[in-house]
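Order-wise, the sequence lines are chains A and B.
Going by our numbering, the first sequence opens with residue 211, and the numbers climb by one from there.
Going by our numbering, the second sequence opens with residue 211, and the numbers climb by one from there.
Treat the hints loosely; a few may be bogus.
For identical chains, the list gives no copy identity; a pair is met inside one copy or between any two copies.
As the list claims (entries may be wrong) - No more than 25 Å apart at the CA atoms, straight line, and that leaves these computed lysine to any residue pairs for SDA-like:
#1 K413 x D392
#2 K413 x S373
#3 K262 x E401
#4 K262 x F313
#5 K262 x L300
#6 K262 x D307
#7 K262 x V357
#8 K262 x A359
#9 K413 x Q224
#10 K262 x T229
Calculated from the structure, these hints are not laboratory results.
Number of protein chains: 2
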Amino acid sequence: MQTGNTYDFRVEPQDVDFTLHATVTSMCNAILNTAGVDAQRNGLGVDALSRKNRSWVLSRLAVEFDRLPEQYTPYSIRTWVNDDGRLVSLRNFMLTDGDGNVFGRVASQWCMIDFERRTPVDLREIADVYLPLMSEEPSPCDRPRKVRAAEPQCTFEHRVVYSDIDFNRHVNTMRYIDMMFDMLPIETFAEPRPLRLDVQFIKESRYGQTLTVGLERQGDISLFEIRSDDGVAVCRASVEWR
Amino acid sequence: MQTGNTYDFRVEPQDVDFTLHATVTSMCNAILNTAGVDAQRNGLGVDALSRKNRSWVLSRLAVEFDRLPEQYTPYSIRTWVNDDGRLVSLRNFMLTDGDGNVFGRVASQWCMIDFERRTPVDLREIADVYLPLMSEEPSPCDRPRKVRAAEPQCTFEHRVVYSDIDFNRHVNTMRYIDMMFDMLPIETFAEPRPLRLDVQFIKESRYGQTLTVGLERQGDISLFEIRSDDGVAVCRASVEWR
Numbered sequence: 211m212q213t214g215n216t217y218d219f220r221v222e223p224q225d226v227d228f229t230l231h232a233t234v235t236s237m238c239n240a241i242l243n244t245a246g247v248d249a250q251r252n253g254l255g256v257d258a259l260s261r262k263n264r265s266w267v268l269s270r271l272a273v274e275f276d277r278l279p280e281q282y283t284p285y286s287i288r289t290w291v292n293d294d295g296r297l298v299s300l301r302n303f304m305l306t307d308g309d310g311n312v313f314g315r316v317a318s319q320w321c322m323i324d325f326e327r328r329t330p331v332d333l334r335e336i337a338d339v340y341l342p343l344m345s346e347e348p349s350p351c352d353r354p355r356k357v358r359a360a361e362p363q364c365t366f367e368h369r370v371v372y373s374d375i376d377f378n379r380h381v382n383t384m385r386y387i388d389m390m391f392d393m394l395p396i397e398t399f400a401e402p403r404p405l406r407l408d409v410q411f412i413k414e415s416r417y418g419q420t421l422t423v424g425l426e427r428q429g430d431i432s433l434f435e436i437r438s439d440d441g442v443a444v445c446r447a448s449v450e451w452r
Numbered sequence: 211m212q213t214g215n216t217y218d219f220r221v222e223p224q225d226v227d228f229t230l231h232a233t234v235t236s237m238c239n240a241i242l243n244t245a246g247v248d249a250q251r252n253g254l255g256v257d258a259l260s261r262k263n264r265s266w267v268l269s270r271l272a273v274e275f276d277r278l279p280e281q282y283t284p285y286s287i288r289t290w291v292n293d294d295g296r297l298v299s300l301r302n303f304m305l306t307d308g309d310g311n312v313f314g315r316v317a318s319q320w321c322m323i324d325f326e327r328r329t330p331v332d333l334r335e336i337a338d339v340y341l342p343l344m345s346e347e348p349s350p351c352d353r354p355r356k357v358r359a360a361e362p363q364c365t366f367e368h369r370v371v372y373s374d375i376d377f378n379r380h381v382n383t384m385r386y387i388d389m390m391f392d393m394l395p396i397e398t399f400a401e402p403r404p405l406r407l408d409v410q411f412i413k414e415s416r417y418g419q420t421l422t423v424g425l426e427r428q429g430d431i432s433l434f435e436i437r438s439d440d441g442v443a444v445c446r447a448s449v450e451w452r
């Protein structure tokens with residue numbers, strides 16, 4: 211049985227790279243927007259939570275793409291929640307093209323935080339709206355993995371600028387993914403391969419900081435780590451090319 | 211009489227900055243996508259032109275915003291063409307909010323180029339489809355101005371990476387606008403003012419080049435110039451804060 215809600219999209223010109231296929235960043239953008247819209251529809255959007263001084267924070271993300279769709283391709287994203295843990299909400303996504311073929315699977319972990327203390331809050335606090343959403347349907351892929359620290363073979367410095375930041379003045383999730391993929395040789399994108407991406411968001415980074423993006427490549431695995439000025443890891447990720 | 215075609219939009223979460231208002235870049239993105247969709251609808255899209263070895267290239271852009279709309283605001287863009295010059299096509303846009311109030315006006319100049327020679331082609335070549343589109347309606351703002359060379363008070367270097375480039379492996383128009391606005395102090399955005407932006411696209415820049423973005427501020431005018439490795443200006447712009 212299919213659970214959750216389904217939202218329709220199309221790959222727009224601004225979503226594609228030089229191969230005319232959607233970028234991983236643009237697909238992640240669509241996925242996270244879907245999370246926001248679906249939470250709002252269920253009375254759990256950031257607008258509703260903010261009235262209680264609460265907000266959602268993405269802590270881990272796992273995405274698997276068999277392929278990336280071409281420009282103007284219609285596709286849909288179905289999303290459902292299936293874990294009633296006390297501190298972590300697990301939101302899943304399935305991406306399907308116009309012919310009904312699944313090409314992407316996503317599992318994401320979110321915490322509800324106290325906006326002032328910046329600490330996770332027990333989800334039983336919103337049990338009345340949250341628990342009825344629980345689905346029996348399992349996640350479509352393995353849960354997001356913990357990513358080990360990279361031992362970078364190359365690094366790149368990036369000063370956080372206006373166009374990187376979101377409404378909180380924190381670096382936008384998509385920009386982290388851009389910064390990491392920008393470290394890869396351009397040929398990586400010329401011949402796309404199926405991939406699994408695991409991202410672990412550790413700490414926020416802010417306007418004016420200088421980030422160092424490190425890359426370690428080991429065979430079919432690319433490991434990334436983004437550190438802030440003070441040497442603290444703010445984000446880690448691994449890409450497994452399949 | 212209203213001419214041209216109208217397209218509907220909404221300010222999405224990825225379009226706003228920390229003030230929760232749309233960024234200039236996101237509005238320009240919507241404007242240029244509208245140009246592409248409307249040209250296609252009229253049989254003059256890049257897909258149709260490419261069969262004749264032709265393409266559209268944006269040479270100049272002028273945008274005026276009285277204000278920038280807030281997140282989730284619905285708005286519409288009306289576009290029309292009103293100049294039958296031989297080498298430059300003038301495409302206009304009017305941006306209107308859900309209450310029917312105009313908040314943005316745009317005039318843009320495009321050349322049709324020979325894809326291999328990279329030189330402008332006489333528009334009479336496509337007179338049969340192009341001329342019937344001509345409107346009597348004047349442009350909603352002054353035509354894009356030639357921008358003088360800046361004498362930069364500060365500069366910033368930017369290496370062109372994967373996430374900067376478009377389907378041609380050239381730097382995306384939006385990234386130029388991001389690079390320029392990123393030079394401004396963050397307070398500029400905290401208290402938005404009406405503005406007019408003139409951009410002059412001079413030369414393409416490519417993956418792997420290092421660009422130098424220069425800013426000269428003179429009262430209510432900010433002048434920008436982006437130069438490539440070889441010192442050649444690839445893009446100039448001025449912002450007039452009103």
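Results for each hint:
no. : hint        : verdict
1   : K413 x D392 : both (21 Å within a copy, 23 Å between copies)
2   : K413 x S373 : both (19 Å within a copy, 23 Å between copies)
3   : K262 x E401 : neither (48 Å within a copy, 28 Å between copies)
4   : K262 x F313 : neither (38 Å within a copy, 34 Å between copies)
5   : K262 x L300 : within (21 Å within a copy, 51 Å between copies)
6   : K262 x D307 : neither (38 Å within a copy, 31 Å between copies)
7   : K262 x V357 : neither (33 Å within a copy, 50 Å between copies)
8   : K262 x A359 : neither (36 Å within a copy, 52 Å between copies)
9   : K413 x Q224 : between (29 Å within a copy, 20 Å between copies)
10  : K262 x T229 : between (45 Å within a copy, 21 Å between copies)
In terms of the numbered hints stated before, the structure departs from hints 3, 4, 6, 7, 8, listed from lowest to highest.
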